[in-house]
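Novice: Protein chains in written order, with the numbering used here: chain Y, 4 to 145; chain A, 2 to 403.
Read the hints as simulated data drawn from the structure, not as lab findings.
Treat the hints with care, as some may be off.
Stated by the list, open to error - Label-pair restraints from in silico Cβ distances:
id : chain 1 : residue 1 : chain 2 : residue 2 : range
1  : A       : G29       : Y       : D63       : 53 to 59 Å
2  : A       : G296      : Y       : R91       : 27 to 33 Å
3  : Y       : D133      : A       : D34       : 20 to 26 Å
4  : A       : G296      : Y       : Q15       : 24 to 30 Å
5  : A       : L186      : Y       : M61       : 53 to 59 Å
Backbone N, C-alpha and C define an ideal beta-carbon position, used for all residues, glycine too.
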Amino acid sequence: MDMRDRIKESLQDKIKDWQEKSIKRIYFSIDKKDIFKVTQALFKELELRFITATATDMPDYFELIYHFSNDPAGEIYSARVILEDKLRPEIQSITPLFPGAEWIEREIWEMLGINFKGHPNLKKLLLSEDWPQDDYPLRNKK
Amino acid sequence: MSHKIIVPIGPYHPLQEEPEYFQLYVEGERVVDIDIIIGYNHRGIEKLSEAKHFDQVPFLVERICGICSSSHPYTYCLAVENILGGEANIVPEKALYIRTIIDELQRIHSHLLWLGLTGHFIGYNTVWMWAWKYREPVLDCFEMVTGNRNNYAMFKVGGVRRDLKDEDIPVLKKMLDELSPGIDLFRGAIMDDPVIKMRLKGVGLLTRKQALDWCVVGPTARASGVNIDVRRDEPYGVADRLDWKVILEKDGDIFCKTIVRILELYESISIIRQSLNKMPKSGSIDAGVKDIPAGEGIGRVEAPRGECFHYIKTDGTNRPIRHKIRSPSFMNVASDKVSAVGGTISDATLTLAAVDPCYCCTERVAVINKSDKRKVMNGWDLIKLSQEKTLKLKEGYDGRPE
Chain Y
4 MDMRDRIKES LQDKIKDWQE KSIKRIYFSI DKKDIFKVTQ ALFKELELRF ITATATDMPD
64 YFELIYHFSN DPAGEIYSAR VILEDKLRPE IQSITPLFPG AEWIEREIWE MLGINFKGHP
124 NLKKLLLSED WPQDDYPLRN KK
Chain A
2 MSHKIIVPIG PYHPLQEEPE YFQLYVEGER VVDIDIIIGY NHRGIEKLSE AKHFDQVPFL
62 VERICGICSS SHPYTYCLAV ENILGGEANI VPEKALYIRT IIDELQRIHS HLLWLGLTGH
122 FIGYNTVWMW AWKYREPVLD CFEMVTGNRN NYAMFKVGGV RRDLKDEDIP VLKKMLDELS
182 PGIDLFRGAI MDDPVIKMRL KGVGLLTRKQ ALDWCVVGPT ARASGVNIDV RRDEPYGVAD
242 RLDWKVILEK DGDIFCKTIV RILELYESIS IIRQSLNKMP KSGSIDAGVK DIPAGEGIGR
302 VEAPRGECFH YIKTDGTNRP IRHKIRSPSF MNVASDKVSA VGGTISDATL TLAAVDPCYC
362 CTERVAVINK SDKRKVMNGW DLIKLSQEKT LKLKEGYDGR PE
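Input sequences plus hints: build the corresponding full structure.
Specialist: Below, the structure written as structure tokens:
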């Protein structure tokens, strides 16, 4: 069965907006509360490789995109999450599922100030320990 | 091992090229934990990129790393071309070949650099000298073709900046012809030398399960039996028109990582030779892309260290509004947490270097005695220790095959 169908079957109504922007780039939106279950399904059950996550400071919200690679077919599946709370953005951590996500979440946390609930080791990775609190380099300054 | 205190060198020191800092926690000879401290070299390139227009970004991102300085601009171009309709649809035929040739030349010089340093760490300084001797003509070819030994400034959205001249082709071919026997030499020296085998086998182990859990990429993953290579999985340039194969090993130790890289050198030579033969003699090298529409695109390239990933978000202006970069070492270095722990300190430098983390890191090691938290050794001591272990193996070897 095609990976597209397997993902649709596995995630069912968790997928909101399915877009195939080009042949091998598939984007879909999911709800913030589903991130742990979606990652579990994609990484553990469907055995996709986690590439990284992209966080962006948009004018009215934070956007988080989790990129997964289906290597045998050369496709990238990107799950998009919108965090509407601009003041205290927060989402569940996926690091408890696999250690490869640890640094990626730490980087997003320090660069954009998005909190990852349940992260086992949420401390500075690239910035120094004495970097001022509440100053996030990748947020857009007014 | 004596427990004297030595001031650690690094993370900044005139002797060292790049800052990265590892703290090994040891009990006796055994490494029980490791702290990886990075970020000394963080230059905010993702943010800087948002202030550059699309044609300036390749110059910026090739400065992320001097060793794989064609991978990042190539990945960026692929990400932008993903928005425009795909590399294969817009980039002219000849430019595709030039892109592949530059990309593979880079892999050759990067793998030779790694091989040399690994030789140095295990005390085979001849391997070090030879590897770098054979790397030099590759850099000369870069200089001839692109004008630069590093930071080639070849890539632009929609094509390449410089043409490969007809008179350059025989020089490139001659260099490859002379390089091949050099690599035979390394293959013989490393695969058949019983001491090197003893030294590298079973050291710095990363199992297939660990490789998958830590999401490692490139030769680090392929040495552990994870069958991934972007060049085959999602071909770019002319990779899908040429005859070559992905090198796969399964044990996940440093010996396998070395074998993967040495054998990949042959594949790269073969790819360049085929490209030079098949490349059209004339034709455009630039599609002349002017405007980038609003959208989002992802590009990825198999850099010498593994999959390099760029994500671009645009809004129709002349600059990206988000440029996410994930280099392969970001995933590979993190896996040291499992591959170095449990080994001995004499293997530590080698294990940390085996993922090819742009090297510098291994010179910034400090060993801390767990009971009293005192610093006991620095990077140079560890390299010495590693070389002594090889020497011991050599002395103890009675000439019999294993």
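Novice: All the hints need checking, so say for each whether the structure fits it.
Specialist: Here is what the structure says about each hint:
no.	hint	verdict
1	A:G29 - Y:D63: 53 to 59 Å	holds (57 Å)
2	A:G296 - Y:R91: 27 to 33 Å	holds (30 Å)
3	Y:D133 - A:D34: 20 to 26 Å	holds (24 Å)
4	A:G296 - Y:Q15: 24 to 30 Å	holds (28 Å)
5	A:L186 - Y:M61: 53 to 59 Å	holds (55 Å)
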